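Chains as they are written, first to last, in UniProt numbering: chain A, 1 to 408; chain B, 1 to 408; chain C, 1 to 408; chain D, 1 to 408.
Just so you know, these hints were derived from the structure itself, not from any lab. Being a predicted model, the structure only gives us computed values, none of them experimental. Think of the CB as a built atom: it goes at the ideal place given N, C-alpha and C, for glycine as much as any other residue. Mixed in with the good hints, there may be bad ones.
[Stated by the list, open to error] A few chain B residues that face chain A, going by a derived Cβ cut-off under 7 Å, partial list only: (1) P143; (2) V269; (3) S278; (4) S299; (5) P315; (6) K355; (7) K364; (8) F371; (9) A398; (10) R402.
4 protein chains.
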Amino acid sequence: MSASKSRKLNKVVLAYSGGLDTSVILKWLQEEYGCEVVTFTADIGQGEEVEPARAKAQKLGVKDIYIEDLNEEFVKDYVFPMFRANAEYEGEYLLGTSIARPLIAKRLVEIAEETGAQAISHGATGKGNDQVRFELGAYALKPDIKIIAPWREWDLNSREKLLNYAEKHDIAVEGKKKKNEAPYSMDANLLHISYEGGELEDPWYEPEADMWRRTVDPELAPDQPEYVEITFKKGDPVEFNGKKLSPAKMLRKLNEVAGMHGIGRADIVENRYVGMKSRGCYETPGGTLLLKAHRAIESITLDRELAHLKDDLMPRYATLIYNGYWWSPERLSMQKLIDDTQTRVNGVVRLKLFKGNMMVVGRKSETDSLFDQSISTFEDDKGAYDQKDAEGFIKLNALRLRIQNKQK
Amino acid sequence: MSASKSRKLNKVVLAYSGGLDTSVILKWLQEEYGCEVVTFTADIGQGEEVEPARAKAQKLGVKDIYIEDLNEEFVKDYVFPMFRANAEYEGEYLLGTSIARPLIAKRLVEIAEETGAQAISHGATGKGNDQVRFELGAYALKPDIKIIAPWREWDLNSREKLLNYAEKHDIAVEGKKKKNEAPYSMDANLLHISYEGGELEDPWYEPEADMWRRTVDPELAPDQPEYVEITFKKGDPVEFNGKKLSPAKMLRKLNEVAGMHGIGRADIVENRYVGMKSRGCYETPGGTLLLKAHRAIESITLDRELAHLKDDLMPRYATLIYNGYWWSPERLSMQKLIDDTQTRVNGVVRLKLFKGNMMVVGRKSETDSLFDQSISTFEDDKGAYDQKDAEGFIKLNALRLRIQNKQK
Amino acid sequence: MSASKSRKLNKVVLAYSGGLDTSVILKWLQEEYGCEVVTFTADIGQGEEVEPARAKAQKLGVKDIYIEDLNEEFVKDYVFPMFRANAEYEGEYLLGTSIARPLIAKRLVEIAEETGAQAISHGATGKGNDQVRFELGAYALKPDIKIIAPWREWDLNSREKLLNYAEKHDIAVEGKKKKNEAPYSMDANLLHISYEGGELEDPWYEPEADMWRRTVDPELAPDQPEYVEITFKKGDPVEFNGKKLSPAKMLRKLNEVAGMHGIGRADIVENRYVGMKSRGCYETPGGTLLLKAHRAIESITLDRELAHLKDDLMPRYATLIYNGYWWSPERLSMQKLIDDTQTRVNGVVRLKLFKGNMMVVGRKSETDSLFDQSISTFEDDKGAYDQKDAEGFIKLNALRLRIQNKQK
Amino acid sequence: MSASKSRKLNKVVLAYSGGLDTSVILKWLQEEYGCEVVTFTADIGQGEEVEPARAKAQKLGVKDIYIEDLNEEFVKDYVFPMFRANAEYEGEYLLGTSIARPLIAKRLVEIAEETGAQAISHGATGKGNDQVRFELGAYALKPDIKIIAPWREWDLNSREKLLNYAEKHDIAVEGKKKKNEAPYSMDANLLHISYEGGELEDPWYEPEADMWRRTVDPELAPDQPEYVEITFKKGDPVEFNGKKLSPAKMLRKLNEVAGMHGIGRADIVENRYVGMKSRGCYETPGGTLLLKAHRAIESITLDRELAHLKDDLMPRYATLIYNGYWWSPERLSMQKLIDDTQTRVNGVVRLKLFKGNMMVVGRKSETDSLFDQSISTFEDDKGAYDQKDAEGFIKLNALRLRIQNKQK
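With the hints as extra help, turn the sequences into a complete structure.
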């Protein structure tokens, strides 16, 4: 490790989990760059305590330690706006990891500004999407920020070297065993848990039943279906079974009920921004339920062409988020369009949950329903719709087809 | 009924089911237009015998009676090409009704040409999409065809009047009671059964459990999961559990197995082309399974940008089919693109079916997999991918974002 | 003319030009519907006096006469928002007629509400786009409005019958001769003049030189080029050669200078919404110049992906306007996106005008230029850009292509 | 220059112009990589002799020298297919440089295969698009090819160092003076000449009149307009004024006539793929005329929705080419769609050329015109179109708007 290259930095803000990898990074930054390290640890619903990171950081000599609960901000300003768009990457992935990165990136650069740090650092590897998401976000928000991605720089490119480095620098490795045992890597936040790598790298391999943590196996889910009602306001869920909930509490509740019924698993092969295919298993119980319910409330409150416009733009919007462009001007302008469509997406959706299934069984909106029974009825509509109009409608839509037939 | 207006036609080809409605239409055409009626009855897997239509037509004086088994053609030339595009209308509807109409339209005009008929006729109402699909199809294929849509013309606009007309003209009404009892209307073919109207017109109303006919209730489906393997060639399923099947037999098999496991129900509110919202319940067991499996085989055999291009175009393609533009030049040109993407979509998908759930648990392609474990691995990749490249990739992708930040 | 059908209306607001056609309509409405007619005549820069319409309407017994100067509103709220999108229908038509109709439709329904009229009426024919634009606009703004389109109803379907009707009802026909002589029909407003019909119906026929009215023949335009500077603020032109101008005055000025230099003619065949192709000749001098200048100011102030997003959406946006969907929710939501992109489109464009040509020769923005000479320079950039980054950028973008090659 | 790093290569194919830069590269490759260099010099209409490159290469010790006339292939397989799509990058750039690179890339890898070379090399800098285009093309066609981009590697990063290197290695620098004098850099082929860099780096600077080489200054162009006729077959121009011409001869002819009339200049700021904005001046006389004519022949032979589909896809297609993805699967599949739309794009376009202006004054197609005068006529159409159909057409298109109004 060449501690050379006059690459001195005064201070670096590190996205710090408290685990082995980022602890080694912490030490390595101090050694390699001779800099002060500021740690930032966020609770975004990953399901692990964040407080223990404080002691670990202190032990490594860190003075500025940021530990924050970002659950509400995460859901309100990131997850919900994204669900307004019905975003699915490649038709299946609910972007659970992707949507958390922009928030982390934002806080990293904000803390860099607060603490006068020149750089930020993260523990994402050089093969994945997360490095891109962290860094594009950071550069967009603070163009002159320096970014250190140790996994792309150092030579600690095997588990063994990492452990040796930890031992040599007296870094606790209690997490070692568990990590070693898990035959895949995980990422978790309030929206999802993902699994990839290890055994999952064979796309013909079916994951072990005990890999899944946030959803009950559909086979073991309750034998009785459960009905739930979700109330939406401007496209966001605001009440569950008639009870108002804050954004994070709502998502937690949706996770709980959907997870209990075995809803929200996905096992897919996706295309990474950096160019390769990758197999990922995802648990997104609440998000899966939310997407279904949101589509249902839109189905009665959203004008047809507005819905189609959103459907046409969705893959692009989802790809932007997947690729790390949350803070790009194009995502921000698209959000303006999407949010504008949600003004009247108000009402209630009723769903039946059962062993991995969600069936929408009812949707209503007192104020904004566009479903007009008096028009669509098969029965006498008392003149609400003149069937004779259909002839002209068809004739004029057919005109170009009839003319075009001449060419055949 | 004014038998006036000099609206004489020599001969009309009628899409004839043998049921009450089209029997009344048959008679009405003879009366109203003083014309010979040619009947056309197709078996497209609706699950009812078509032969009985012969005797009924004969009884009404029809001489030219066409009764045809179009199952194979329907699946091979309509259903499979559509599934190559992963088509879903408004994110949820698998276009079961929409995709059958172009085939019927085509045969109607072909028979008109064979028999020298000036016109065709159908039993679709003036409020629905089907009239549009029949007529746009027919006009595109034969611009000078005349089309008679009795429901838009006559005054038999209530059940009672229809029955009176039937009685008056000695038309058997055995179907009457059943029809009257079913609190909704149905459409069926090898791809799906749909239910709409009646009680379903209230979008808050949950349909009765016994409405569903082609899928077992997930609650009553087998308690044991079942694994199946589907083999694709050029994007079409060709083998089921290793056994070659013709297109129609394949879809029948997929219906059987998916239906048994309670897979393929949908309860949605959709936007009709003619301008109103409409609630529909759909059973598409085989199609639902096929879509899932097709996406999965694409996930390892289709290049990322090809997949994204398809995703971007899909809503437009699906809307074209929904709206009745199967025979339009734009659908035909889009199909060229889609089919070209499927050249290497070859391989096997393994799925686990259980009580309404389908989980993809494996996908492989000996000849065409783009999944390269040696690159995506978290382990040492022996130089297949240089992590340092990621820095340049990110830096250049970030450049515009950094410059753009100056405006903020 | 059957004055029957119990089709009584209390009051109708008529879009009234004062010309022969709408005068006949005025009378016909009074006769046919036994209703009071309210006339609405707008000055939107068509270049003819609107005041004379007052006397004509009075002579026909009209009591409520609305004559309004809408030039500023037209440009500010319709033309400029549309140009923010760089809208061109089918790559060539600047939507001069299309963009005026929504304003007229809006005023018609507003006046109907003010005067308690049940219906509105217009003089557009049943073959064109304008009927659609008027009526979709009116229905969107006031769903229960009744619309009377005499050209689709009456039997005055020839020039001769129209003149006879006028004579019979003592309607002045001074415009008759001119109309008869002009071998095409015209539409004009502050944005453009259009010519269609008559001799122009042969797409191989070159229009006479004297047809064009708002632009000098390029062959007769000044032999000296002229330089002009247009200053933009939030995407709208606000200064011409350094002088502030109101929206209508700006467009008038642009028309004047561009017209003098022979800029802004187009001779095209377009596809009407009602299904047929139609040949139109257009003069849009100021608009043509504005579009060129707007694209140029965007070229240095708009982020690349924002520009591409706009380019991708533009044809759809333009088609919405062409088809009459200005007041649709989808146009309104798209406008939100477009307007959001224009926040920083501030700066000056310099153009050289000469005999039909416009060459952008300079663009600058003190506050918002994203053109960074220090990066793009071929000379030494002092480290602003690391050329080595390009290798990683290319390598990762190539990765999927390299993997995909395996299939070949 | 460290001739170290065990980076030995057996043989490298170099895209060689014979000029100073690529001569230095040739020598540098021999020195740095100790390899044999194969030179490839293509005539693609750049307007300079290619034969002189032979002697220069021989003098530098090259044994395998490829000198090829690719004009016909360039126009037939690259330029014409691209014009079928009406491709314009960012609404203004006709992709003159972009479209030539894929052909060069293809020949480089083919020659590498023929000669057993491991690598290819080119003279594009690390800031531009061309490096990306060469390399993405090469990687797509031959994934294991090695690519050497000296400008990203060496330290000859100033004119002076380059000249010193040339002098030291006895490389003729006759081009030196001219290059030094030209205050911008150029690229030329049969489709265009581009100018960028130097004085043009100031986007407010108007280029000198004598920069432009392939088009006459509009001010100096003939005072008499000229009429020309271009005949298209399947979307490609095949006859000029009734005379059949091969692809390259056609483009040469179009260049000649358009250039003489001052047609085809553009002065724009564009967004490079590598992230920065860049100012470019382009002369594309024949291409500009071809685009105008192609749009015109499409206007009467292409169905509306086919035309709109093409317009919607065009920006994406153009961006693919601009960014270097000609050989990508997505470009190839899109081409299938585009080519399919051109099957009936047959006919003649008549244009009037005058001092920088092109006015389409006629278009006709004996076999494939969809322009039906009998329908669009303002005169009596003898029943070809029933104006009453328009009412139903409008009513049903308005239905959703009327219902949606309830939400307001």
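How the hints compare with the structure:
1. P143: holds, 3 Å
2. V269: holds, 4 Å
3. S278: holds, 5 Å
4. S299: holds, 4 Å
5. P315: holds, 4 Å
6. K355: Result: holds, 5 Å to nearest chain A Cβ.
7. K364: Constraint on K364 of chain B satisfied, holds at 5 Å.
8. F371: holds, 5 Å
9. A398: holds, 4 Å
10. R402: This hint holds: R402 of chain B lies near chain A, its Cβ roughly 4 Å from the closest one there, short of 7 Å.
Comparing the model with each numbered hint stated earlier shows that all of them hold.
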